[in-house]
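Asks: Here the protein sequences come in this chain order: A and B.
Sequential numbering of the first sequence, starting at 1, is according to the UniProt record's numbering.
Sequential numbering of the second sequence, starting at 1, is according to the UniProt record's numbering.
One or more of the hints may lead you astray.
Distance ranges between label pairs, derived from CB positions [to be verified]:
{"hint": "1", "chain 1": "B", "residue 1": "Ala67", "chain 2": "A", "residue 2": "Arg335", "range": "22 to 30 Å"}
{"hint": "2", "chain 1": "A", "residue 1": "Ala221", "chain 2": "B", "residue 2": "Glu46", "range": "21 to 29 Å"}
{"hint": "3", "chain 1": "B", "residue 1": "Ala56", "chain 2": "A", "residue 2": "Glu167", "range": "32 to 40 Å"}
{"hint": "4", "chain 1": "A", "residue 1": "Leu375", "chain 2": "B", "residue 2": "Gly44", "range": "53 to 61 Å"}
{"hint": "5", "chain 1": "A", "residue 1": "Asp170", "chain 2": "B", "residue 2": "Glu93", "range": "18 to 26 Å"}
{"hint": "6", "chain 1": "B", "residue 1": "Asp31", "chain 2": "A", "residue 2": "Asp100", "range": "33 to 41 Å"}
{"hint": "7", "chain 1": "A", "residue 1": "Arg335", "chain 2": "B", "residue 2": "Glu46", "range": "27 to 35 Å"}
{"hint": "8", "chain 1": "A", "residue 1": "Thr240", "chain 2": "B", "residue 2": "Ala71", "range": "48 to 56 Å"}
{"hint": "9", "chain 1": "B", "residue 1": "His7", "chain 2": "A", "residue 2": "Gly173", "range": "17 to 25 Å"}
{"hint": "10", "chain 1": "B", "residue 1": "Gly44", "chain 2": "A", "residue 2": "Asp246", "range": "20 to 28 Å"}
{"hint": "11", "chain 1": "B", "residue 1": "His7", "chain 2": "A", "residue 2": "Arg220", "range": "18 to 26 Å"}
{"hint": "12", "chain 1": "A", "residue 1": "Ser316", "chain 2": "B", "residue 2": "Ala56", "range": "42 to 50 Å"}
{"hint": "13", "chain 1": "A", "residue 1": "Leu367", "chain 2": "B", "residue 2": "Ala67", "range": "38 to 46 Å"}
Just so you know, the hints here were simulated from the structure itself, not pulled from any lab data.
Computed from a prediction, not measured in an experiment: that's the story for all the values here.
Glycine included, every Cβ here is placed at the ideal spot set by N, Cα and C.
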Amino acid sequence: MPAPGEADRGGHDAARSAESTHDHASADGTAPVAGARPVAAAIADLGALRDEVRRQFRIAAADARPVALLGAPGWLADGLSEAGRRLAADLEAAAVQVGDSIAAEVERLRRVQHPRDPDAAAAPPTVLGGRSGRRPPGPPPPPRQRVPARPQVHPGGPPPGLAREPELTDGAGYARVPLTPPAVVAIDTPRQGRISDCHVIAAMCTLADRAPGLLTRLARAEGDLVVVDVPGRGYRLRSTLPVDGDGGGLAYARSPDGSTLVSYVEKAYAVYGGGYPKLGEGGYPAEALQWLTGQPSYMLAIARADDDLLTGLLGSGAPAVACSWRLDGRASAARVALRYGLAQDGHAYAVTGVVDGLVILHNPWGLRHPRPLPLDVFRTLFCRIDWCELDDN
Amino acid sequence: MTTEPRHRPVQIRTGYPNPVGNSWVSVLGVDPPLVCLGVDDPDGTETTQWYAPGNALTAGGLRWRVAHTSAPTPLGRDAPPGAAGGQLVAVLEPIGRP
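Throw the hints in and build the complete structure from the sequences for me.
Replies: As structure tokens, this is what we get:
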């Protein structure tokens, strides 16, 4: 059921999208799954390659086996037969070697899907896995974990078509503000306001960086209304935004150029999430990424990822948000966090990339961006990377 | 008689930059009774400092006194990002121009 004010457009697409987000890749890795998960697809491709290699080697080895050489002198036939036998043996050995290499690669990819590293059990608890108790059903938890269920939406609500104005935090009120798109969308376009919804704004920041066109297309004015269209859902909003009681400036998300696109996208997310106070309770960037893009979104537990996987993801260009640990009672880690300009609360940062082995992050506050972090420091201070796929379009 | 906004005490909360005049004050750490505050002025000046109740700081072109501080409610380490936001950790009272 769509939330109040959500017009459930393309329900099949939305269902398909949600399904592909929550499905695990094929356990035996022999066939790509719906949604074309990259690891499962790679495993399937490697399986096909392994079969093809075996077939080709079998043909080649059969061709090399001794054949009756009609009319050939005995010494020549014997020599060729011996050479053929050696060639066939070499081909078979090579076939085994190539097959083993492919099998090892498949096994490595399966470990990425379903890690069984005993060290992982000793790793710090993760949000939805590890020792915290809540695990997705099915096979052992992979480093990418399920997107949690969407938050409770308000019961009841306005008639379909027009969203109820989301509840505000204390000191804010609604004022008419037209939708104005930004001239240029960049990572700095979305900025967090006076509410603790870093998970949403950081997701918008990374999208603004990695897929700026996508963010621009989300909202449009329609008469007196503003329509926010995200994959599978549409929100018809009054053209009002929360403003501060004091000065009348925008209370929550804003842009440095004064455009209001991100404010309206945040408002639609507040409708989806059950009001601004709910957004201020924090949340999962993976959920925001999926809501914004309709694409499969994942959570990578940093403690369970090796350096190659980590730097590969951080530098991949996929929209990604890094989530920092809460550092209560960890004085030494808190000192390191301060040295790198990180807040001690669990906070979400948009990932910019990896440069010379240093992780570059963007603070959705629009200020206080962390200093570039060496990978080992990043591992200490961050618990998770939430990311999503983007299709080629 | 009402007080001008710039002469009112300002609550400083965790999780987002708090507007103080034309500056932003962010909570970067709490070690009760100390709070680590970051002040970002519009000209790009940025300071990070630990403050105890009674200490003074400059933000938004005014001097402020840290009237009192408080510890945020502890949360589990696995709380989602932003969950610790919105908690009052300091109150600043204006004490005049620098």
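Asks: Hints first: check each against the structure and report whether it holds.
Replies: Status of the hints after comparison with the structure:
1. Range check, alanine 67 of chain B to arginine 335 of chain A: Cβ separation about 27 Å, and the 22 to 30 Å hint holds.
2. For alanine 221 of chain A and glutamate 46 of chain B, the Cβ-Cβ distance of about 37 Å falls outside the hinted range of 21 to 29 Å, so the restraint is violated.
3. Taking the beta carbon of each, alanine 56 of chain B and glutamate 167 of chain A are about 37 Å apart, inside 32 to 40 Å as hinted.
4. A C-beta distance of roughly 29 Å is found between leucine 375 of chain A and glycine 44 of chain B, which places it outside the suggested range of 53 to 61 Å.
5. Aspartate 170 of chain A and glutamate 93 of chain B have their C-beta atoms about 20 Å apart, which keeps the hinted 18 to 26 Å range intact.
6. Checked against the given bound of 33 to 41 Å, the beta carbons of aspartate 31 of chain B and aspartate 100 of chain A, roughly 56 Å apart, lie outside it.
7. Between arginine 335 of chain A and glutamate 46 of chain B the C-beta distance comes to about 19 Å, which lies outside the given range of 27 to 35 Å.
8. In this structure the supplied range 48 to 56 Å is violated for threonine 240 of chain A paired with alanine 71 of chain B, their Cβ-Cβ distance being about 37 Å.
9. For histidine 7 of chain B paired with glycine 173 of chain A, a C-beta distance near 22 Å keeps the hint of 17 to 25 Å intact.
10. Checked against the given bound of 20 to 28 Å, the beta carbons of glycine 44 of chain B and aspartate 246 of chain A, roughly 24 Å apart, stay inside it.
11. Between histidine 7 of chain B and arginine 220 of chain A the Cβ separation comes to about 42 Å, which falls outside the hinted range of 18 to 26 Å.
12. Between serine 316 of chain A and alanine 56 of chain B the beta carbon distance is about 47 Å. The supplied range of 42 to 50 Å therefore holds.
13. Checked against the hint of 38 to 46 Å, the C-beta distance between leucine 367 of chain A and alanine 67 of chain B comes to roughly 24 Å, which is inconsistent with it.
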